[in-house]
Amino acid sequence: MKRSSPWRKLAEAEDAVNRAVAATRVGRYFKLEARKSSFTKELRAGAATFLTMAYIISVNAAILTDSGGPCTVSDCTPVVVGNSTAVPGPECTVGSNPGYEQCLGRTKSDLIVATAVAAMAGSFAMGALANLPLGLAPGMGANAYFAYNMVGFHGSGSIPYGTALAGVMVEGIVFFILSAVGLRSRLARMIPRNIRLATAVGIGLFLAFTGLQAHQGVGLVGASPSTLVTLTACSETDPATGACLGGSMRSPTFWLGAVGFLITATCLARDVKGGMIYGIVFVTVVSWIRGTAVTVFPDTAAGNAGFDYFKKVVDFHTITTTAGRLSFGGLRHGNALLAVFTLLYVDVLATTGTMYSMAEYGGFTDGAGGGFDGEYRAFLVDAGSTVLSAALGSTTVTTYVESTAGIREGGRTGVTAITVAACFLASLFFGPVLTSVPPWAVGPSLVLVGAMMMRVAKDIEWADMKEAIPAFVTMALMPLTFSIANGIIAGLGVYIALHCYDWARIAYLKASKVLDERRNQVAASSAGEASGITATTATAAAADEV
1 MKRSSPWRKL AEAEDAVNRA VAATRVGRYF KLEARKSSFT KELRAGAATF LTMAYIISVN
61 AAILTDSGGP CTVSDCTPVV VGNSTAVPGP ECTVGSNPGY EQCLGRTKSD LIVATAVAAM
121 AGSFAMGALA NLPLGLAPGM GANAYFAYNM VGFHGSGSIP YGTALAGVMV EGIVFFILSA
181 VGLRSRLARM IPRNIRLATA VGIGLFLAFT GLQAHQGVGL VGASPSTLVT LTACSETDPA
241 TGACLGGSMR SPTFWLGAVG FLITATCLAR DVKGGMIYGI VFVTVVSWIR GTAVTVFPDT
301 AAGNAGFDYF KKVVDFHTIT TTAGRLSFGG LRHGNALLAV FTLLYVDVLA TTGTMYSMAE
361 YGGFTDGAGG GFDGEYRAFL VDAGSTVLSA ALGSTTVTTY VESTAGIREG GRTGVTAITV
421 AACFLASLFF GPVLTSVPPW AVGPSLVLVG AMMMRVAKDI EWADMKEAIP AFVTMALMPL
481 TFSIANGIIA GLGVYIALHC YDWARIAYLK ASKVLDERRN QVAASSAGEA SGITATTATA
541 AAADEV
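Under our numbering, the sequence shown is numbered contiguously, ending at residue 546.
Some hints could be false.
Straight-line alpha carbon distances no greater than 16 Å define the calculated EDC-like cross-link-like pairs of lysine to aspartate or glutamate that follow [unchecked claim]:
id, residue 1, residue 2
1, Lys36, Glu409
2, Lys466, Asp502
3, Lys31, Asp373
4, Lys36, Asp15
Hints were generated in silico from the structure; no laboratory data involved.
Taking the hints into account, I'd like the entire structure generated from these sequences.
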């Protein structure tokens, strides 16, 4: 008798496990057989989805840390002047003040945990309650708007960190209510289609521009006194103006980031699973080597402290500074309300659009009404996850388009999403590693995420100038004014201005039609009354003759 190969035995064991799980109450709840899936296939799909979206743990924390989080001037180390110390001014948040840098380090550690917990909770609830194979995490775009437009770089914006978090929570609550009463999809359809598409493109350009800068990227572009922005990649910059000292294109970290960009781009071009993370991993590992020009642990007090923490590798960090830092009092101001509206607008477009596209891709839609199985619960889970994320100190949670990786692997049920949640849970124990990811490793992923968001530009009606011009204004002003809100407001304003005449003409024609119908009814009524009177008179005359 011929002995079966180990691979055959493994396949038989896998089939046995799949049959056993499918027959249990859990298997029936998740509809494994009904959706033509299996337990092990769902596990592989969840792992694939996590690999493609794992970059968000370090990227989201890095972007939000740029806002300064809860760090203020009071965290700065006092300045020594002669034999005495002086209280530092606001400029200490821009330079390399040791006290402020330590506060930023604590904030980044907190935000890594906040990101992982929000993603874990959202993905688990999506799988357990909605039974959909969708991974959730704090979204790109909204985090950049929060960090650079609302709070501003190191708190230089008009909205304090606590107030901004309160705005995120309010947006999540409003979103939850809209989802609960069924208005969410209707609200999304009220926005002109071309403006919706242009918003996605504009956010992509915004992210790419962020990834090309020095603070949260590879440092390819920087400030210029004559042209506003210019090519930099400097080995050394002027801390006051940001101008290059000693020539451009000489930054070792830029060239390492460029290699990471090519690695990730090649993986995406060849459809390699988890391709987004490979470039980040390569650049990060090289940057961990001390004594090089690209090390993230330079021979300084801060570098030595960072390296000592990194050597722990495994460490469970507890959030100490960002959780519960909500301040609702500042939401009375107009700029805060505008920020809440912008977050709501972006969330409605991004999450609703992504969910419907994922459902269509996975074959969950009902075909007739355009809805999908688990739609109502999925929307509630998404909104509820945003409320939790804000409480932890992070930004709006959204459904990730990277979920297509898991769906492509055969994921069809909530087991895939629960597997994603389990992977995010495991990541909580590797804080020292995740906090040591440098900006030049993260920047290429921002640029490539922006590139992937460009695909919807082809669906804009460029031949119709009344549609194309507002769309162009929307996408152009987002990166050029470094504000997502400015792009949205300008695009909608131009759209309304260009369509005012058409709307007025349509209203006039409808009003004229109604008036004409009313006149015809009155005329018909008058004619009927006249004919009735004539008939009555004739009848009376005939009666008199008789």
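How the hints compare with the structure:
1. Lys36 to Glu409: holds (13 Å)
2. Lys466 to Asp502: holds (10 Å)
3. Lys31 to Asp373: Answer holds: Lys31 to Asp373 is near 12 Å, not above 16 Å.
4. Lys36 to Asp15: holds (14 Å)
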